[in-house]
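Top to bottom, those sequences are chains A and B.
For the first sequence, position 24 matches number 24 in my numbering, and the numbering has no gaps at all.
For the second sequence, position 52 matches number 52 in my numbering, and the numbering has no gaps at all.
Any given hint could turn out to be false.
[Claimed, not checked] Taking lysine-lysine pairs in the BS3-like style, the calculated list, with each CA pair at most 27 Å apart, reads:
| hint | chain 1 | residue 1 | chain 2 | residue 2 |
| --- | --- | --- | --- | --- |
| 1 | A | K50 | B | K18 |
| 2 | A | K50 | B | K40 |
| 3 | B | K3 | B | K108 |
| 4 | B | K35 | A | K50 |
| 5 | B | K3 | B | K35 |
| 6 | B | K40 | A | K78 |
| 7 | B | K108 | B | K72 |
| 8 | A | K50 | A | K69 |
| 9 | B | K51 | B | K72 |
| 10 | B | K18 | B | K35 |
| 11 | B | K108 | B | K35 |
| 12 | B | K108 | B | K51 |
Treat the hints as calculated values from the structure; they're not laboratory data.
Given next are the chains, with one letter for each unit.
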Amino acid sequence: GDSVTQTEGLVTLTEGLPVMLNCTYQTIYSNPFLFWYVQHLNESPRLLLKSFTDNKRTEHQGFHATLHKSSSSFHLQKSSAQLSDSALYYCALSDQGGRALIFGTGTTVSVSP
Amino acid sequence: NTKITQSPRYLILGRANKSLECEQHLGHNAMYWYKQSAEKPPELMFLYNLKQLIRNETVPSRFIPECPDSSKLLLHISAVDPEDSAVYFCASSPTISNERLFFGHGTKLSVL
Chain A
1 GDSVTQTEGL
11 VTLTEGLPVM
21 LNCTYQTIYS
31 NPFLFWYVQH
41 LNESPRLLLK
51 SFTDNKRTEH
61 QGFHATLHKS
71 SSSFHLQKSS
81 AQLSDSALYY
91 CALSDQGGRA
101 LIFGTGTTVS
111 VSP
Chain B
1 NTKITQSPRY
11 LILGRANKSL
21 ECEQHLGHNA
31 MYWYKQSAEK
41 PPELMFLYNL
51 KQLIRNETVP
61 SRFIPECPDS
71 SKLLLHISAV
81 DPEDSAVYFC
91 ASSPTISNER
101 LFFGHGTKLS
111 VL
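The following block holds chain B by itself, in its conformation from the complex:
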């Protein structure tokens, strides 16, 4: 799916800080960050609608989202923990009605 791009694809971190980036070229209003740990379904972390943070699930404070414009989403991570090892998917949908989510290819985070 080249219409939602995420970078980087793979990330190996110790205790460093890093940001994940996402951009969608679909003209969607809603953008999401999902976390998928091994052998588990995706879990919502954050939901933005028209650049406004709508949903903020129970996520450690070391994860800070940012939506600089309606097509871009960032996830700033500081002082990662081993439990943060997972694939982080960016997704978007036309509206917040969740009619259909389009997922990016994900960023696989491995914490040393």
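Here chain A stands alone, though its shape is the one from the complex:
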């Protein structure tokens, strides 16, 4: 079946350092949608990035990700972490057919001064 893998459960880093969160997926669908959702403590998930175009970089709020269908990856990156980036980040997969959004297990990012 379809699945999303996020290898890091917790990422701790110092403010100003780069961030990279891994996301790989498995799907039988040739045109998957990939998403990054961010969830701050006691809040609901909020869309950060989305893509369905192969090899095209997408950016929002300083974060960027590129969907690579050849490697089934959609890694999230930011060049310089801020304290406000501390949150839970979910990579998610869907297609256009109304199937459930499949979430990865999530990566908690903790940024310290």
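Guided by the hints, dock chain B onto chain A, whose structure is given.
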């Protein structure tokens, strides 16, 4: 996010019955109920499109959804179980293509 409102915010139940309510003011066609247990990602429970139930995941029969109109969603819960303790999020999207989900602030259910 005030464009998707959920009530109540917090709910503490014994074995009582209760309903969760959701209303979206975005004009979206698709509405969802998600359950998020502690330390876990959100899991889809139900998906409605234009008031029709499209997806009904493996959910205990004590959870009954209702979509009285395309902007409102209800989740009726009867005889809750401790494993039901979680945050229940309502979400919506323009279509069922899942292009983007907008989540409500959630209802935190605590089962005594």
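Verification of the hints:
Simply put, K50/A and K18/B have alpha-carbon atoms about 36 Å apart, too far for the 27 Å limit, and the pair is violated. Straight-line distance between C-alpha atoms of K50/A and K40/B comes to about 21 Å, which keeps the hinted pair within the 27 Å bound. Proximity of K3/B to K108/B is assessed by CA-CA distance (about 19 Å); at most 27 Å being required, the pair is judged to hold. Restraint check for K35/B and K50/A: the C-alpha separation of about 22 Å stays at or below 27 Å, so the hint holds.
Between K3/B and K35/B the CA atoms are separated by roughly 20 Å; this keeps the pair inside 27 Å, and the hint holds. Between K40/B and K78/A, the direct Cα distance comes to roughly 24 Å. Compliance with the 27 Å bound is thereby established for this hinted pair. With a CA separation close to 19 Å, the supplied pair K108/B and K72/B stays within the 27 Å bound. With a CA separation close to 14 Å, the supplied pair K50/A and K69/A stays within the 27 Å bound.
Of the supplied pair hints, the one linking K51/B and K72/B holds, its CA atoms being roughly 9 Å apart against a limit of 27 Å. For the proposed pair K18/B and K35/B, the alpha carbon gap of about 16 Å is at most 27 Å, so the pair holds. A hinted pair counts as satisfied when its Cα atoms are at most 27 Å apart, and K108/B with K35/B qualifies at roughly 10 Å. For the suggested pair K108/B and K51/B, the alpha carbons sit about 25 Å apart, so the restraint of at most 27 Å is met.
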